[in-house]
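Take the given structure of chain A and dock chain B with the ligands to it, following the hints.
Those sequence lines, one after another, are chains A and B.
Each residue of the first sequence is one higher than the last, beginning at 68 in this note's numbering.
Each residue of the second sequence is one higher than the last, beginning at 32 in this note's numbering.
Careful: at least some of the hints might be erroneous.
One-sided excerpt, in silico: chain B residues whose CB lies under 10 Å from chain A [said to hold, decoys possible]: (1) 458; (2) 549; (3) 552.
If you're looking for bench data, these hints aren't it; they were derived computationally from the structure.
Nothing here was measured: the structure is a model prediction, and the numbers come from that model.
Here a beta-carbon is modelled for each residue, glycine too, at the ideal position from N, C-alpha and C.
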Amino acid sequence: MSFVPQLNERSMNEINFDATPEPALPAEIPVMSPAKSRGTEGKEAAKSLIEIEDLGFSYDLGQTETLRNITLSIPKGQVTSFIGPSGCGKSTLLRCLNRMNDLIDTAKVTRGKIKIMGQDIHAADVDPIELRKRVGMVFQKYNPFPKSIFENAAYGMRIQGVKSQKVLAEAVERALKQSALWDEVKDRLNSSALGLSGGQQQRLCIARAIAVQPEIILMDEPCSALDPIATARIEELITDLKENYTIVIVTHNMQQATRVSARTAFFYLGELIEVGPTTKIFGNPSKKQTEDYVSGRFG
Amino acid sequence: MAKQFEKRDRRFLGIGVQSAIKGFFGGNALLSIAILLLICVFLGKEAFLFFPDHHKGLQLYRKSGQEYVDGMKRQVEDHADLNSLMAQAYFAEKADIAGREWGVVDAFGYLVDLAEDEGEDEIDAWADAREELEDAEEDAEVKRAESEARAAWGEKLGEILAKADRAEADRFGRLEAGEWERLKASMAEWDPVEEEPPAFVVQAEKDLKAKMGTFEAARNAFAAAVGPLNDLKETLRGKAMVVKEEAEADLTAVARKKALVEGAAASTNSEDRQRRLDEAAAIVIREKFPFAERTEVFYESKPEHARLAAEYLVALKAAMELVPRAPGSKEAEARLTQIRSELPDVLQDFSRNSVMVQEWRHDKPYGWWRSISAFFFGKDWVTNSSWHDFFGLLPLFTGSLLISVIALMVAVPFAVSAAIYVNQLARRWEQTIIKPAIEFVQAIPSVVLGFFGIMVLGTFLRELSQVEALSWVPGFPMAERLNILNAGLLLGLMAVPTIFTLCEDALNNVPRAFGEASLALGASKLQTVWRVIAPAAASGILAAVLLGFGRVIGETMVVLLVAGNKIAIPDFSEGIGVITQPAHTMTGIIAQETGEVDKGSLHWRALFMVGLILFVISLFLNWTAQRIIHRFRIA
Ligand SMILES: Nc1ncnc2c1ncn2[C@@H]1O[C@H](COP(=O)(O)OP(=O)(O)OP(=O)(O)O)[C@@H](O)[C@H]1O
Ligand SMILES: [Mg+2]
Chain A
68 MSFVPQLNER
78 SMNEINFDAT
88 PEPALPAEIP
98 VMSPAKSRGT
108 EGKEAAKSLI
118 EIEDLGFSYD
128 LGQTETLRNI
138 TLSIPKGQVT
148 SFIGPSGCGK
158 STLLRCLNRM
168 NDLIDTAKVT
178 RGKIKIMGQD
188 IHAADVDPIE
198 LRKRVGMVFQ
208 KYNPFPKSIF
218 ENAAYGMRIQ
228 GVKSQKVLAE
238 AVERALKQSA
248 LWDEVKDRLN
258 SSALGLSGGQ
268 QQRLCIARAI
278 AVQPEIILMD
288 EPCSALDPIA
298 TARIEELITD
308 LKENYTIVIV
318 THNMQQATRV
328 SARTAFFYLG
338 ELIEVGPTTK
348 IFGNPSKKQT
358 EDYVSGRFG
Chain B
32 MAKQFEKRDR
42 RFLGIGVQSA
52 IKGFFGGNAL
62 LSIAILLLIC
72 VFLGKEAFLF
82 FPDHHKGLQL
92 YRKSGQEYVD
102 GMKRQVEDHA
112 DLNSLMAQAY
122 FAEKADIAGR
132 EWGVVDAFGY
142 LVDLAEDEGE
152 DEIDAWADAR
162 EELEDAEEDA
172 EVKRAESEAR
182 AAWGEKLGEI
192 LAKADRAEAD
202 RFGRLEAGEW
212 ERLKASMAEW
222 DPVEEEPPAF
232 VVQAEKDLKA
242 KMGTFEAARN
252 AFAAAVGPLN
262 DLKETLRGKA
272 MVVKEEAEAD
282 LTAVARKKAL
292 VEGAAASTNS
302 EDRQRRLDEA
312 AAIVIREKFP
322 FAERTEVFYE
332 SKPEHARLAA
342 EYLVALKAAM
352 ELVPRAPGSK
362 EAEARLTQIR
372 SELPDVLQDF
382 SRNSVMVQEW
392 RHDKPYGWWR
402 SISAFFFGKD
412 WVTNSSWHDF
422 FGLLPLFTGS
432 LLISVIALMV
442 AVPFAVSAAI
452 YVNQLARRWE
462 QTIIKPAIEF
472 VQAIPSVVLG
482 FFGIMVLGTF
492 LRELSQVEAL
502 SWVPGFPMAE
512 RLNILNAGLL
522 LGLMAVPTIF
532 TLCEDALNNV
542 PRAFGEASLA
552 LGASKLQTVW
562 RVIAPAAASG
572 ILAAVLLGFG
582 RVIGETMVVL
592 LVAGNKIAIP
602 DFSEGIGVIT
612 QPAHTMTGII
622 AQETGEVDKG
632 SLHWRALFMV
642 GLILFVISLF
652 LNWTAQRIIH
662 RFRIA
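So here's chain A without its partners, still in its complex pose (with noise of 0.2 Å):
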């Protein structure tokens, strides 16, 4: 799979993941579709999907690094958690994954490469816009458009071109099934998205981002603006999407962490401190400092 519009020969309104493999595919990856279920989690599935090598990153122009020495892998149809404390870098390293730093003038990738599906996504001749399509990303603060409810989960459908209404319908209608919102929102499709509750705008960012069927998605502090009880529902959702997605998602909340993530990846002042199984990193970490703040004794 590539980035690169002009060897993506798939027109893209018709995006399937139940394609073949594509030559462009490293051989060693084996590209699965989300639609079917990936029950079990062996060795193959934890074969990385997005590979972070040696990254470093700066806010100004490599003045000060942000980021130092980043260098992880995450695996494919899996849940990953980045913890750490505030200001330790998880946005802004969650955020070079879809390249919405590019959107800062001063920021810059200064050592290290992102190889995601084997592509560098830095290479010249990748086109952030197509990378954003397969990567997608939900905030800390729902933002759902001043729009209607089927214009929120139609917009990314309908920015690739797809004019057709049926298809528009249909896609809209799977997204917001997978995200659980169709049966609150299924009679009230074109009324606005900022008449919903919190909970339910957030879900429908969630929807918002699966509609266009991504590869990744990409969750910053999904729940900190929500109360426990919609924070439950998106846990719940997170859950069932890892089914068909590979989703990486930036906590504070270690219970949360422990609930959804199946990886957690700890970082402390721009760095990666330690990697592993959720269940090691909480309950046998290898770092001191990782141990000292899954136990609360800072951060």
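Positioned in the frame of chain A, the structure of chain B with the ligands alone reads:
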């Protein structure tokens, strides 16, 4: 310790510093509200006193018989419009079918005028010499003098002919090859005393008459048809004028008498005192002006008007019969067709005016609603007239509106797209150039812009409009340098910073999260702007446009200098070309006329009324803009 929570506020003259500061700011806010209220009250009072006065004025207009006379005046004026079309048709026909003859006759006329002008002395001398010769034919002396005078004239004629300017003689290029030379040669034979034109010119005159005779007769008959009616109108007009002046004098009689008596009492000079007292005694104070008696003459003229109106219709019909059915000129044909198509409407108006004239009564009460609508929908703004002042808002309102609409059509696309570009798409360094540059426009004094409009833009537009290749553009070539288009363009420029700044604010108010969400979904920057940012800012942009409109309609200096200040409803028959006509505006009229009217006069109050309407329009625009912003504010 009781002291612990003591107030620490320092006091000055018994007032706490904190409360003094608070009072200062609060007082300023209150003051501005109070001033606003005062303005409203002042404007409202002066303006609303306008209506009773205006009503009185219109009542006098009716009672004095002016209304009656104006009914006839409209009939005469409507005819004049047709008449000018008829003249155009006539001249077009003359130029097309008898152009050659016309050219010869005209050029000959020019040569004769020139010769008689320049050679006046020589001609007179020769004429005298010839007269003497007639009395004393044998006298050699006289004979010699005569031949000398003739030679002098011959010489002068040579000079004159050398000076004769063909372009002047034949301005429309009607002379055929060789005719100019022939005319000049014929001048040598021409006798300045007898003034007999050469034969070929006589022939041309004859031909011209043969070709144009009937049309000329028709034209003359057409023009003359309204003559008697016009004469009647003129006679009555003088009479109505007198009635009005006397009635007005009567209205002020009490006040004038009082002033004279007071003046006399204060006067130290006995002669002066006596003069004043005499003058005061001469002022008759009547309980009521005898309108019925004074307007009898109008009632008496009604049958005559009826007769003349009927005669006019007959004469007009007869004149139209005379007009050639198939003129040789396309232009003439077009004009005649226009006359024929307008004729039914004109005749309808004519009979309506006839009815109005016949039904006029000086004592018919004038409706309030009529006098109010005479202001709001009146088509004339005529002031300082010896006849009657009309205060009709419509010409000023249309002028303001047309200019504002043009200004907005220029400013809105430019300002909105500039705001979107600067706010969403521009690089940092572009922002640092474009934003101050646009905002700098605001710093240009409007009088400077007006000056620019007169000197540069006006001339440029005028010259552009005269380019042959652009003659298809409606309204081109434009007759006036100062016109609606010119003023609209400049006001558009002035509105750009207002709309731009407000639009940019509106775009800034769109939460960043919307843009981020869109971009994170793989939208391009342009898609994001188009589908998310601009719609989210739409209400703010609309409000910006409304406030820009308010700015434009309230602007004074530029329109005063550049709009051409012609108080008339522009002629919309040219369609969009209407914008190349001059106009006057509500703001312009206030600026122009306030200085020269008497305080408290009807005219003065009318200007206040215009001001109040401007105020209300601005208020309404601002209020709507606020409401829009409020209503659609994103939570
Ligand atoms: N747009 C930016 N420009 C410059 N510096 C930034 C920007 N965003 C973040 N930073 C800095 O980068 C560092 C990492 O920030 P980041 O938002 O990635 O932290 P975080 O781990 O997500 O924190 P939190 O848990 O509070 O969200 C911080 O020191 C922050 O001040
Ligand atoms: Mg963060």
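So which of the earlier hints does this model not fit?
none
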